[in-house]
Amino acid sequence: MTRVINATPARPLRIALGLLPFALLILLYLIGSDARLEANPNDKLLPAFSQIGDAIERMAFEPSKRSGEYLFWVDTASSLSRLGMGIAIAAVLGLSLGLLTGTLPMVSANLSPLLTVVSLVPPLALLPILFIVFGLGEVSKVALIAIGITPFIARDIQRRAQELPAEQLVKAQTLGANTSQILIRIVLPQLMPKLFDAVRLSLGAGWLFLIAAEAVAATDGLGYRIFLVRRYMAMDVILPYVAWISLLAFLIDYLLAQLSRWLYPWHVKEAN
Amino acid sequence: MSTSESNDTAFIEARNVWKSYGDTTVLERLNLTVNKGEFVTLVGTSGCGKSTFLKLLLGTESVSKGELLLNGEPIPAEPGPDRGIVFQQYSVFPHITVLENVMAAHALKRSGITGYLFGTHKKNAAKAASEILDQVGLSHALNKYPHQLSGGMKQRLAIAQALLGKPEILLLDEPFGALDPGIRSDMHKLVLDLWREHQLTVFMVTHDLKEGFYLGTRLWVFDKTRHDPQAPGAYGARITYDLPVGEVCDQKFQVIDDQINPKPDIQVA
Chain D
19 MTRVINATPA RPLRIALGLL PFALLILLYL IGSDARLEAN PNDKLLPAFS QIGDAIERMA
79 FEPSKRSGEY LFWVDTASSL SRLGMGIAIA AVLGLSLGLL TGTLPMVSAN LSPLLTVVSL
139 VPPLALLPIL FIVFGLGEVS KVALIAIGIT PFIARDIQRR AQELPAEQLV KAQTLGANTS
199 QILIRIVLPQ LMPKLFDAVR LSLGAGWLFL IAAEAVAATD GLGYRIFLVR RYMAMDVILP
259 YVAWISLLAF LIDYLLAQLS RWLYPWHVKE AN
Chain H
279 MSTSESNDTA FIEARNVWKS YGDTTVLERL NLTVNKGEFV TLVGTSGCGK STFLKLLLGT
339 ESVSKGELLL NGEPIPAEPG PDRGIVFQQY SVFPHITVLE NVMAAHALKR SGITGYLFGT
399 HKKNAAKAAS EILDQVGLSH ALNKYPHQLS GGMKQRLAIA QALLGKPEIL LLDEPFGALD
459 PGIRSDMHKL VLDLWREHQL TVFMVTHDLK EGFYLGTRLW VFDKTRHDPQ APGAYGARIT
519 YDLPVGEVCD QKFQVIDDQI NPKPDIQVA
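Sequence lines, in order, name chains D and H.
Adding 18 to a residue's 1-based position in the first sequence gives its number in the numbering used here.
Adding 278 to a residue's 1-based position in the second sequence gives its number in the numbering used here.
Nothing false has been slipped in among the hints.
Taking CB as the label site, the calculated pair distances span:
1. D:Ile-150 <-> H:Ala-355: 49 to 57 Å
2. H:Tyr-394 <-> D:Leu-46: 52 to 60 Å
3. D:Ala-275 <-> H:Gly-397: 29 to 37 Å
For the record, the hints were derived by calculation from the structure and aren't laboratory data.
Quick reminder that beta carbons are idealized off the backbone N, C-alpha and C, glycines included.
Please model the entire structure based on the sequences and the hints provided.
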């Protein structure tokens, strides 16, 4: 008899096993939804798939009666632009800070303690301050994402820079390189794929800060919409929005992974 | 031997050099001179300070006491283009191709901010790079990344790169330690050819006494002459043999071999 530890599923079986939990969840939902709707046709907690479909149709493919906008796409566009800006700012800041503190001992002595302390401040606790300082507009939301993620990226990049073999830096010096040449030609390109990794890891936190900021003060956005329709218990809108956010998160992560692989072919193979 | 030469500015001269880390003395009382064009191999047990001596020459470590002079001046306290280095590993840049690795050596030699080349400079560098890569036998791998190369090819690349800095001194820190014996002898030939052609002064640290005996012009054996069992770090290593290569009999080989590779069991010599 094969030990369980050695039993590996063939490809069709593996796919079936992977799909099984999803199917079970959907089945459970359908049973629960049917039971509740049977008891009370106006129940809002577990809408039927047809009701969810209607809600998607209404939000995404019909102009809003009040503003004439296609709310679903407007929400998506504003959320993605906030997230994109916040993460872009965090990536640039984090890369610069990490590169400099990871390679220049003088800068590290100067900034590393501050970075450590800042990274311990819970970003959400800063949200009220941001609202006070920047007002309730876009800036405070973007700032929350940037402030929340920058310390993580900076410290990760700093560590990666310190992990580069000292031999490489010595070698570059024996070829006559000055400090900026070493940073730009040798260290920075090797940190770029690490930056992609760090950004991918911080996307989850980015979404968290985005939705929190939108929930507190916004006039559009995926997080705003979810918290708005919660007042009417509109699960038929909330559920597809949550699914859409998850799908977006997955797609962004996937695209970043592919982009990194395409831009830095040496990195993937080197890691193997 | 040549240490007795009396020209007042030897190429490299150590005057009572000591190196210690805290309470641990690694090297002590080193006095030596090296002339231009010598090929010195450094052997000894592990931890005997031969790599430390190489780092002193390289400039990543500095002497604790005494003076280490290059052309009569103290050796700069940081690595520079006059002293090329090939390490056992991590000597090449993993994020750029073979050709770019050598071109980068051109770019880093020029003053500038980015270390990238543009226009005609780039074209000229590419041409010069392909030539030297041809010389070290890598012309078939110009567009490969270092991780696609074998250990021997990587070291060829590292050597090609180091030579482009036009160093006076080439430091080799166990460069062939990780290579197969067959590839090693190819590399020996390559290093000897380049040493003659570029008129380099070479220092090579090696584990392999044979390599030390037959490759260079001069062999240094590092060992401790004084031992304090209560404080193993109290005394440092000195150069116990300083031999011209090619004038050594087998007996001496065996004596040194026993010294640097102590064998616990009985063995027929």
